[in-house]
Each structure stands twice: as C-alpha cells, then as structure tokens.
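Protein chains in written order, with our numbering: chain H, 1 to 290; chain V, 1 to 171.
Keep in mind that the hints were calculated from the coordinates and are not lab data. On a predicted model such as this, the values are computed, not experimentally measured, just so you know. Careful, some of the hints might be misleading.
[To be verified] Derived lysine to any residue pairs resembling SDA-like cross-links, with alpha carbons at most 20 Å apart:
1) 59(H) to 16(V)
2) 59(H) to 155(V)
3) 247(H) to 212(H)
4) 247(H) to 276(H)
[As the list claims (entries may be wrong)] Okay, the calculated bits of chain V under chain H, using three or more residues with CB under 8 Å as the criterion:
5) 19-25
6) 142-149
Virtual Cβ for every residue (Gly too), placed ideally from N, Cα, C.
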Amino acid sequence: MLKFKKILIPKKYVLTIVTIITMVTIVVTLPNRNQVTMIENGLGYVVVPIQKILTKIQKWSNENIFFIFHAYELQDKNAKLVKELDELRYENTILQQYKQDNERLRNLLKLDQKYPEYPKVGAQVIGKDPGNWYNMFLIDKGTNHGLAIDMVVMADSGLVGRIVEVGFNYAKVLSIIDDTSSVSAQTLRTNEVAIIRGDKTLMDEGLCRIQHINIDAQIVKGDEMVTSHLGDLYPPGILIGTITEIKTESNGLTKYGLLEPAVDFQHLEEVLVIDKPWKGKKTNLKESTQ
Amino acid sequence: MRIIVVSGILLLYLILQPTYIQHIRMMGIIPNFAVMIIVSFGLLRGSVEGAIIGFALGLLQDIFFGRAIGFYALIGMFIGYVCGIPNKKYYRENYILPFFLVILSTLAQGIITYIFTFLIRGRTSFLFFIQHIIFPEVVYTAALSLIVYRLIYSVNERVEAREKVRRKHFS
Numbered sequence: 001m002l003k004f005k006k007i008l009i010p011k012k013y014v015l016t017i018v019t020i021i022t023m024v025t026i027v028v029t030l031p032n033r034n035q036v037t038m039i040e041n042g043l044g045y046v047v048v049p050i051q052k053i054l055t056k057i058q059k060w061s062n063e064n065i066f067f068i069f070h071a072y073e074l075q076d077k078n079a080k081l082v083k084e085l086d087e088l089r090y091e092n093t094i095l096q097q098y099k100q101d102n103e104r105l106r107n108l109l110k111l112d113q114k115y116p117e118y119p120k121v122g123a124q125v126i127g128k129d130p131g132n133w134y135n136m137f138l139i140d141k142g143t144n145h146g147l148a149i150d151m152v153v154m155a156d157s158g159l160v161g162r163i164v165e166v167g168f169n170y171a172k173v174l175s176i177i178d179d180t181s182s183v184s185a186q187t188l189r190t191n192e193v194a195i196i197r198g199d200k201t202l203m204d205e206g207l208c209r210i211q212h213i214n215i216d217a218q219i220v221k222g223d224e225m226v227t228s229h230l231g232d233l234y235p236p237g238i239l240i241g242t243i244t245e246i247k248t249e250s251n252g253l254t255k256y257g258l259l260e261p262a263v264d265f266q267h268l269e270e271v272l273v274i275d276k277p278w279k280g281k282k283t284n285l286k287e288s289t290q
Numbered sequence: 001m002r003i004i005v006v007s008g009i010l011l012l013y014l015i016l017q018p019t020y021i022q023h024i025r026m027m028g029i030i031p032n033f034a035v036m037i038i039v040s041f042g043l044l045r046g047s048v049e050g051a052i053i054g055f056a057l058g059l060l061q062d063i064f065f066g067r068a069i070g071f072y073a074l075i076g077m078f079i080g081y082v083c084g085i086p087n088k089k090y091y092r093e094n095y096i097l098p099f100f101l102v103i104l105s106t107l108a109q110g111i112i113t114y115i116f117t118f119l120i121r122g123r124t125s126f127l128f129f130i131q132h133i134i135f136p137e138v139v140y141t142a143a144l145s146l147i148v149y150r151l152i153y154s155v156n157e158r159v160e161a162r163e164k165v166r167r168k169h170f171s
C-alpha cells in the first residue's frame, strides 16, 4: 500500500479518476446486475461458508441455550397450539373432501390445475442487509443448486420476495417489503386486483401499501391477498398477507390500503425457492397464444 | 503484514455485520460499523490509506448487498479521504475528533443514500427518513464509535510497532 506513495504525485488526480471510473460502473451496473463477476463469486466462496457456520452456531445457541428465557411461555403456547391443531385437523378433513370433489369436477370439465404445485428448494438465510435502507438478504444456495434470477422465494406461510442476483453459492433476495418492490395481487375472496408495494415509511410497523384498488372493489379489512394471475414475475395463488386498513384516495378515483405480510420478516431463517422461473413460462404462454 | 491485518478486519466486518450484529438492532436500526472503521483508519493512517480502505469496504458492501457497484465505494472513499486530512495535525489519543467525524460521516452517508436511492424515486418525506433512519443511526453509531476507534487504535499501534524496524525505508 505504501509503495503507491512514491508514484503518487498528484493525489487529487487519482481521486478524480477513480471517482469517474466508479460513477461509470454505477451507471453501467444500476439497471440490472444479471451477470455476477468472477471476483464476486470468489468472494462468495470465502465469505458464504463462514457465514453458514456462524448461522449454524447461532441457531444452535438459540435452540440449546437461549430457549431457557422462553421456557415460561412454552406451556401456554403448547396448550394453544394443541387446541389449534385440533381445529385445523377438523378443517383439514373437510378441505380434503373439498379437494377430492374439486379434482373430480375438474376432471369432468377437463380443466387444468388452477394452482399447480410448484417445485421448491429449501435454503437457509445466512445474512441480512448491513444497512438500514433496504430489505435484502442472502441465502446459501446459488447457481450450483439450480437457482437463477427472478425465481420466487417463499417462507412456509407466504411470499417473501424474489432473487435479484445469484452467484455460484449464494443468492440475493429482495423481499416484498423493500421500498423498490411491487407485486401484482388479488384478493382471495373477491378476485379484486391491486398492486402491493413495499414502503419504507411503513417499515416500523412491518406493513406494505396496497395501491390502485378500484373504487367499486369489494374489499374489506381482513381480506387475504394472493399473487395475481396478471403478474409477470410471481406465479398466481401465493399468499401475501391480510389487509389491515382500506381508505379512499383523496382524488376519489381509487382506494388504497395497508397489508400485513403473512411472513415474519424479522425472524426469517429458512426459505423455500420455487426453482422454476415463472417469467419464462409466462412469455412462452404469450407466444403460444399469439 | 498491514495488508493482512486490514483485510482481516474488512472480512470480519463483512462476516459479522449481516449475521451477529443484526441482533443488536434497536427500533430496527443497526449501527454503521463501516463508517466507524473507515473514519478510524483515515484518522490514524492518513488520506491515502483512508481512501483505499473506504473504497475497499464500500466495494464489499456493494458486492454483497448493494444495487449498483460503486455507490458505497465512492462514498467510503471520500469519507476516508476527508477524515485522513487532519491525520498529521491531531493527537491520536484525542477522542473528540473521531467522535465528531463519525457523526458527520454517518450523517453525510445517510443523506446521500436518501437522495440517490429514495428521493430520486419520488419518496419526498425527507423528515420521516431523518427522524426514523438517519438520526437514530447517527446516534447509535456515535455511541459505539469510540469503542471501535479504540480497538482499531490498539491494533494499528501493534502493527506500527512491528513495522518500526522497516519504517525508515518508506517514510
């Protein structure tokens, strides 16, 4: 490092030159960074395994040491869960019957499966955004495991986000509560279409904003929203969250609302990746219809 | 020797900030250790090394969590460069200067990040961002800055003691 000092006569020129080069790279890489360079992949091979080990240690210590602090809650929780389990079991048997009915009727009508089972791959969250501005995180699988850009990430209960960048052994996930994310969604009950956007100003409460709801739309507080069939990126039918508030926009033409995501983004540890990019499928479909 | 120690610190930051340091979030705010490291090295080692370390650390941030390569690298480079200017003129045991430089740098980074990633997309509620992100981040970072400065100071002292033998060759 100090060797530079001897060559370095015009310090400020070097600074300006580096600034200009960096600005060019910013402009070049800003729109979309699909290609991950060798340098990034090399760094990934150094950092990701260590982070993986750290995550494992953390998980182990949480499970084996810190559970003591929550021990007093366990009994209450257990009773609650047992009750819930009973209810869900009952519900499930009914739903199974519905499902069979549904399948039989669909076969009769020769309809395709509406919400196909998506193939999924499990992955571990190994790092979260080091700053305060974004909601991105790293998972421990990459192209080596068959992941690619724009694949959809879910947690057990709902939509988490999508992959925006992928290296050999890691992938960067942009969550739906990030300020730059937007998802095309519809209500489960009435099929009203809207757009769900992350909003930094709502981040403290962990909510998202719902925009462009039709003024006549039959939407009430408590409705569940799923990804819609209109979206390019997200396959339809994935649960996003429940509506907590609906208001009319000041222009009186549309409504907007707030949505509580089904996923707990604060304590995200394991995610599922649908390892088939939906985008490709959709364009194929368009081509075939044209 | 120095290169190994510095890259060790940078790697440590890169590994710990997304994992363990996430647990000390207060009200959703995480302290900005990158700025603390850059300011400390800038003050202790001068503009050139400050700028190089700032650039490297920013670049690592960009690679793993950034949108565009070079954004944090550029900010980090300038923070390191500016904080290196008083290097020759102050006593290293003086803790007031690093404290205030950390405050100013965090503030500057926060405002620049707001302007170029939020204001540009039409998020005009500047007051909200000041209140809920930038100001808490500055306070939290400043509170921890002296600890980090002190740590890097003693690490630097040790490295310099080792280099003392060879110092006459390149200063």
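Results of checking the hints against the structure:
no., hint, result
1, 59(H) to 16(V), "15 Å, holds"
2, 59(H) to 155(V), "31 Å, violated"
3, 247(H) to 212(H), "11 Å, holds"
4, 247(H) to 276(H), "37 Å, violated"
5, 19-25, "holds (count 4)"
6, 142-149, "violated (count 0)"
Hints 2, 4, 6, counting from the list given before, are not met by this structure.
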